[in-house]
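Now for the letters of each chain:
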Amino acid sequence: MSEALGIEREQGLHLWRQMLRVRRMEEASAELYTKSKIRGFLHLYIGQEAGGVGVLEQLEPGDAVVATYREHGHALLRGISARSIMAEMFGKQAGCSRGRGGSMHLFDAAARFYGGNAIVGGHLPLAVGLGLADRLQGRKQITCCFFGEGAVAEGEFHESLNLARLWRLPVLFVCENNLYAMGTALARSEAQVDLCRKAASYDLHAQAVDGMDVLAVAAAARACVDRVRSGEPVFLEVKTYRFRPHSMFDPELYRDREEVERWKERDPLVTFPERLEQAGLLEPGDRERLEAEVASEVADAVAFAEAAEFEPVSDLCRFVYAEGAPE
Amino acid sequence: MATMTLIQAITDALASEMRLNDDIVVLGEDVGRNGGVFRATDGLQTEFGEDRVMDTPLCESGIIGAAVGMALYGLRPVPEIQFLDFIYPAFDQIVSEVAKMRYRSGGQYTTPMVIRTPYGGGIKGGHYHSQSTEVYFTHTAGLKVVIPSTPYDAKGLLLSCLRQDDPVLFLEPKAIYRKAKGEVPEEDYTVPLGEAAVRREGSDITLVCWGAMLPVCMEAAKRADDDGISCEVIDLRTLVPLDETTLLESVKKTGRMIVVHEAQRTSGFGGELIAIVAEKALEYLEAPVKRVTGFDTPFPYTLEDVYMPDPDRVLRAILETSRYVS
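Protein chains in written order, with the working numbering: chain D, 1 to 327; chain P, 1 to 326.
By construction, these hints were calculated from the structure, which means they are not laboratory data.
Every clue listed holds true.
The calculated lysine-lysine pairs, modelled on DSSO-like cross-linking and capped at a C-alpha distance of 30 Å, are:
1. 252/P <-> 222/P
2. 92/D <-> 100/P
3. 37/D <-> 264/D
4. 181/P <-> 124/P
5. 264/D <-> 198/D
6. 100/P <-> 140/D
7. 124/P <-> 222/P
8. 179/P <-> 124/P
9. 37/D <-> 100/P
Stretches of chain P that chain D covers, calculated by requiring three or more beta carbons in the stretch to come under 8 Å of a beta carbon on chain D:
10. 67-79
11. 157-167
Derived DEER-like restraints, expressed as beta-carbon distance ranges:
12. 155/D <-> 271/P: 30 to 40 Å
13. 138/D <-> 186/P: 28 to 38 Å
14. 88/P <-> 182/D: 17 to 27 Å
15. 266/P <-> 300/D: 47 to 57 Å
16. 185/D <-> 298/P: 35 to 45 Å
17. 323/D <-> 271/P: 22 to 32 Å
18. 318/D <-> 325/P: 42 to 52 Å
19. 109/D <-> 186/P: 34 to 44 Å
20. 109/D <-> 55/P: 28 to 38 Å
21. 318/D <-> 15/P: 34 to 44 Å
Here the structure is a predicted model, which is why all the values come from computation and not from measurement.
By construction, the Cβ of each residue, glycine as well, lies at the ideal position given by its N, Cα and C atoms.
When you get a sec, could you build the whole thing from the sequences and use the hints?
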């Protein structure tokens, strides 16, 4: 137990491992993209891992998660296997959406993972409906909805916060503010850049947290989740930064190298192990062991995706309507 | 059997199915305390309570989006949009989320819901209370589009919609909400989706219509009788799924076809029907097909009666088509 950090060695290693799993899977995805194994669009979570880990660690197994198109990490952290995620990104039938969704549309009913949503802001009302279904059917579960700060400009953000508060729904709205909606800085798109003020105007609890500090996110998220479980929506802003371009097609004309380098100094995959080390929670060989375990998981996932099959042409028209319905 | 108006049949269908299925939740603007803008949900909140008949703010995207989440997790939402003309803030939810959830999740998730909305002209509603834009939705795979034209069908089709697992846009022809009256069984029955009704048998010309155009076509067909022209009138009832068989059999029999719809002509559903006939029954045609439709303009206020197909316009088309000799 570290007094300074307030965690046990095992907790510390677990949080580090979770962030590392996301980082290494994302790095592998980027490489596979350059080899055209993953096609289309690919939005990496690299740099933002502390947010997803800190929040998702607080959820119970039955809780629902609704995420954006930058959701590979969230899916992995929610217990969807790296194999199934990687196969989905390859577009293979063994993927968590049968290869139909690709990188931006990861779904998994068993994990109550509701995407992978590529329309910015479009999934916020969906989270409201999940929360409403829980309330009306007397379930004690909550819904956790991730979105970027770009979604705050969409009308659905406002409709959703209003409905969630009006109907007192158990929804945690997690705004991962990485400062740029693709290439547009927050200050260039919002008259009010204090997102908590915006959210609080719907009369719900809103707070911000340093998204590069996994322990800070975990503590804030735990408090927020407790409030949500008591039956009220909460808005949590995770102040974070993505180290990679928006997608693989982004020339990054909107920010300079120095800014990126400055944020990289706060890379949670660097700073968190350092803090664990300083707190005396690490033992020799920890890093090597973790890296080896994670590398093996990623390599296994890639091999699985490579070996999997594409959906047969005969399936093109499946799942448009209920099976057996007239075409 | 009771005599009901079309809107009463809808209320009756909702109430009777809500008694059978606790998962059905009606939601929308003014559907609860006020019983709906046209009173289609009158009395439901009193009987079923505020948790099953929910008044919402004016936020169509939020209403449909919330319905998506509800449908994903065990409920059968029946959102009402006050007018089809007001549906566009929810267009993204309908075409991107509602229609595609099953497909993009590889069949893991479904969004069974019935989106009810009054549509069409005939009540001097002007630009934004009158339009017939059903093709925006027939053009979206994953949705079903259902349009009743009689009280019997309104109840039977709505019950069918509530008992199947695909999302439906249920378009209610508001012009005949109260004009259409008929016998409606009190007991349970359904009208299957994807089956057109032959409202009138005939041998010379096939008239194809739906919704409030049914009485228009029936009147024109009656008048055509006086000229010795026998019209068959097909009420499609559901545009998606479409009953191609009934359409093609009729056209093969008569060799002449007129489509009547309120929507503007360009890219109207009539074009689709004619394409199907051209693909599958061209050699049976004895005259060029005709369309009697709205005009390619925004929906007019003062000139509504000119814009809307009426029996006179349909009759003119019938006479021209019947006189055509190749």
